[in-house]
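Assemble the complex: chain A is given as a structure, and chain B must be docked to it using the hints.
Line order of the protein sequences matches chains A and B.
The opening position of the first sequence corresponds to residue 1 in the working numbering, with each subsequent residue numbered one higher.
The opening position of the second sequence corresponds to residue 1 in the working numbering, with each subsequent residue numbered one higher.
These aren't lab readings, by the way, just hints derived from the structure by calculation.
Note that the structure is a prediction, hence the values are computed from the model and not measured.
Hints may be right or wrong, so weigh each one.
[As the list claims (entries may be wrong)] Listed next, the stretches of chain B that the computed footprint assigns to chain A, with coverage defined by at least 3 CB atoms under 8 Å from CB atoms of chain A:
hint	segment
1	24–38
2	129–141
3	279–289
4	292–306
We put the beta carbon where it would ideally sit given N, CA and C, even for glycine.
There are 2 protein chains.
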Amino acid sequence: MKIGFLGGGQVGQALWEVIQKENENILNLLGEPLEIKKVLVRNLSKPRIIPNYYLTNKPEEILDDYEIKLVIEVMGGEEPAYSFIKRAIENKKYVVTANKEIIAIHGDELLKLARKKGVDLGFEASVGGGIPIIKAIKEGLVLDKIKEIWSILNGTTNYILTNMEENKAEFSSILQEAQEKGYAEPDPYKDISGLDSVYKIAILSSLAFHTTIKPKDIFREGIEKITLRDIEYAKSLGYSIKLLALAKEENGALEIRVHPTMIPQNHLLSAVRGVNNAILFKEERRGNIILYGPGAGPKPTAMALLSDILELSYSILHSHPRYYNFAYLYPSDLKPWGEIKTRYYLRFWVQDRPGVLAQIAKILGENNISIASVIQKETNIENEKAEIVILTHITYEKNIQKAISEIQKLPILVEWNSLIRIEV
Amino acid sequence: MKIGFLGGGQVGQALWEVIQKENENILNLLGEPLEIKKVLVRNLSKPRIIPNYYLTNKPEEILDDYEIKLVIEVMGGEEPAYSFIKRAIENKKYVVTANKEIIAIHGDELLKLARKKGVDLGFEASVGGGIPIIKAIKEGLVLDKIKEIWSILNGTTNYILTNMEENKAEFSSILQEAQEKGYAEPDPYKDISGLDSVYKIAILSSLAFHTTIKPKDIFREGIEKITLRDIEYAKSLGYSIKLLALAKEENGALEIRVHPTMIPQNHLLSAVRGVNNAILFKEERRGNIILYGPGAGPKPTAMALLSDILELSYSILHSHPRYYNFAYLYPSDLKPWGEIKTRYYLRFWVQDRPGVLAQIAKILGENNISIASVIQKETNIENEKAEIVILTHITYEKNIQKAISEIQKLPILVEWNSLIRIEV
Chain A
1 MKIGFLGGGQ
11 VGQALWEVIQ
21 KENENILNLL
31 GEPLEIKKVL
41 VRNLSKPRII
51 PNYYLTNKPE
61 EILDDYEIKL
71 VIEVMGGEEP
81 AYSFIKRAIE
91 NKKYVVTANK
101 EIIAIHGDEL
111 LKLARKKGVD
121 LGFEASVGGG
131 IPIIKAIKEG
141 LVLDKIKEIW
151 SILNGTTNYI
161 LTNMEENKAE
171 FSSILQEAQE
181 KGYAEPDPYK
191 DISGLDSVYK
201 IAILSSLAFH
211 TTIKPKDIFR
221 EGIEKITLRD
231 IEYAKSLGYS
241 IKLLALAKEE
251 NGALEIRVHP
261 TMIPQNHLLS
271 AVRGVNNAIL
281 FKEERRGNII
291 LYGPGAGPKP
301 TAMALLSDIL
311 ELSYSILHSH
321 PRYYNFAYLY
331 PSDLKPWGEI
341 KTRYYLRFWV
351 QDRPGVLAQI
361 AKILGENNIS
371 IASVIQKETN
381 IENEKAEIVI
391 LTHITYEKNI
401 QKAISEIQKL
411 PILVEWNSLI
421 RIEV
Chain B
1 MKIGFLGGGQ
11 VGQALWEVIQ
21 KENENILNLL
31 GEPLEIKKVL
41 VRNLSKPRII
51 PNYYLTNKPE
61 EILDDYEIKL
71 VIEVMGGEEP
81 AYSFIKRAIE
91 NKKYVVTANK
101 EIIAIHGDEL
111 LKLARKKGVD
121 LGFEASVGGG
131 IPIIKAIKEG
141 LVLDKIKEIW
151 SILNGTTNYI
161 LTNMEENKAE
171 FSSILQEAQE
181 KGYAEPDPYK
191 DISGLDSVYK
201 IAILSSLAFH
211 TTIKPKDIFR
221 EGIEKITLRD
231 IEYAKSLGYS
241 IKLLALAKEE
251 NGALEIRVHP
261 TMIPQNHLLS
271 AVRGVNNAIL
281 FKEERRGNII
291 LYGPGAGPKP
301 TAMALLSDIL
311 ELSYSILHSH
321 PRYYNFAYLY
331 PSDLKPWGEI
341 KTRYYLRFWV
351 QDRPGVLAQI
361 AKILGENNIS
371 IASVIQKETN
381 IENEKAEIVI
391 LTHITYEKNI
401 QKAISEIQKL
411 PILVEWNSLI
421 RIEV
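Only chain A is shown next, with the shape it has when bound in the complex (with noise of 0.2 Å):
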């Protein structure tokens, strides 16, 4: 079975790695063993385990060698994956990926590409690293009728949420301790803007609900605007911050977000720390599942993909490609943004003077937000200014944004700070 890859960066290294220590179990389970013909890199000279002899700078000694049946794409980056993976398609390879950018924006298309093709696309490593959540999802809940996922699919922003929790520490100052780990990119605009997480939540909600997500339509807030002051309250308040990227279905309507959200302490998410991802599904008959694990690394990334890489393999060999669409069974459609409902933290600081509280809850009422419970809890003497934090019930993100324009017009607001969604 003659193999080429896409890449010969750290993923693809460890992948060269476990092939070489899993060839004698593939040739048992397969009946051959795995060849890896060529590996496309920029680079030719950069340092690598993998021997210079397979290295090659031209896509076309992969994509169109007819002897190479499957190809392994770990470039990562939109372009010019997306290109190599349908040229490869096109030319009757069937494809592994682990590229969530490509699966979310272009995963609907190439997977239709490939049924007509007549081969498979395999993405097992584009979510969750090493956890076997697209498997699970596909196959193992293949007729569920999921209804809500909450999920953890970024590792850098837990680890950043959770250190700020254990450390004290702000933002910023974790932010760059994980870039000195190793834990956040030099460029971390993708994780911690949510947009990584929005990728991965559209390809898990896409399997599940049976329609194509787009990531564009998703709605996204990151976490740069968490600070310790509201981390400290969520916990006084029985709460941990995470950013979760939602999605729930209800009457066939879908609503999909990534937002860092306020979980009670006592939720089996909360328990998710450091680098880790976790994905909860809630389905009528079977319950709530929950998958946890390693959400990134080469090692895990490699796990995954040779699990790909063996069934694909498999398909080759008997001429039997397993197709999969996204929207197999029923369409969705997604709720605009303003349709959504949850329950909102709210924090800010007024001046302190009677009938503050009344103006406030005024604006709320005529809203239609009802208040759980408000926080007065510090005031500012010399500068005659209170901090003000209020949990609403139940309520829809329009009204709760309307609500917030209204009160930011006020004349006794002083400072705007925060807005966390709740969900329990």
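Leaving out everything else, chain B in the frame of chain A:
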């Protein structure tokens, strides 16, 4: 696709119901619907949601009907289920079963027979109820070198232990409550003795370690002897008590054991409460993976059966069975029981007089057991008795057993209470 059920009890009826509801989706996925031809029951006149027309009490109407391609066994128990499954496979029928006992005891033989006859045998529903654990370990973790499995596989015992801790109640009163609520069987022997967990860990470790583990070779201790006093000592020391099913591999030697186990309160498995199950895999390259969910119940079991039914139907329609053997990679040997190593919690009453602790410590020292901590918490002045709790460092089981038999012979021993193994 004509199928037959062996069994029309709670699980059979839940499966009947879900197939009726999902048959249009099944048609879309498979290209044809499932057609349940016959359901074997003992008592034809018992009220059921399955119409009488489908019921039969003659096994041959399913096992010898050439039109039925797939047989679903949901009777439970070893016989006659085992003979029926064997006959179905001999008649070249694909089989799906929820029967942990049969897979644990006869799985290896039945998988070999299935391969010989060119059919598949599915057993997703045999372990972990609604958790897609068999697929995860067979396919998702296919080339993993699993080093350890830590698992909670029995909902009844986990419910009892959780409730003893939460409600500060003794075993017998919680067992009675569990029976009243339907969380424990009228005859709870297989659950509380650990036998149910033994069947399940036999299956998981046969898959994980690519070998055939027989239930009779697994060390087993039930939860009958766990007292509230031990649970409260454990709590004060920072531990929870769980009925763990453990499997560990070291240099090709296996230890597999089911017994009440003290685990740290901040361990993720400590958070598994009530009737839930969880399975933790430790693998060097992949890291720690946990799957969590409801461990039993007719509906979760029906969903697990359904995923197998869909997969095997696909194989039947494409004349393409995917054979599976336990021992497909390399064999491993079980360690003798005395060779396992762990930490221990010991509790007993002695006469309260000088030099008593020295006698105990001498015995432990002579058996190469080093003490991690000693608590002498309560003294009964009237009876001149003292209660001693000892936590040991890691030692061999054979050493601890020898030491205990010597301690039990000491004239100063008043009452021997507890030995609980500790894993951290």
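Here's how the hints hold up against the structure:
1. 24–38: holds (count 4)
2. 129–141: holds (count 8)
3. 279–289: holds (count 6)
4. 292–306: holds (count 9)
Going through the hint list in order, the structure satisfies each hint without exception.
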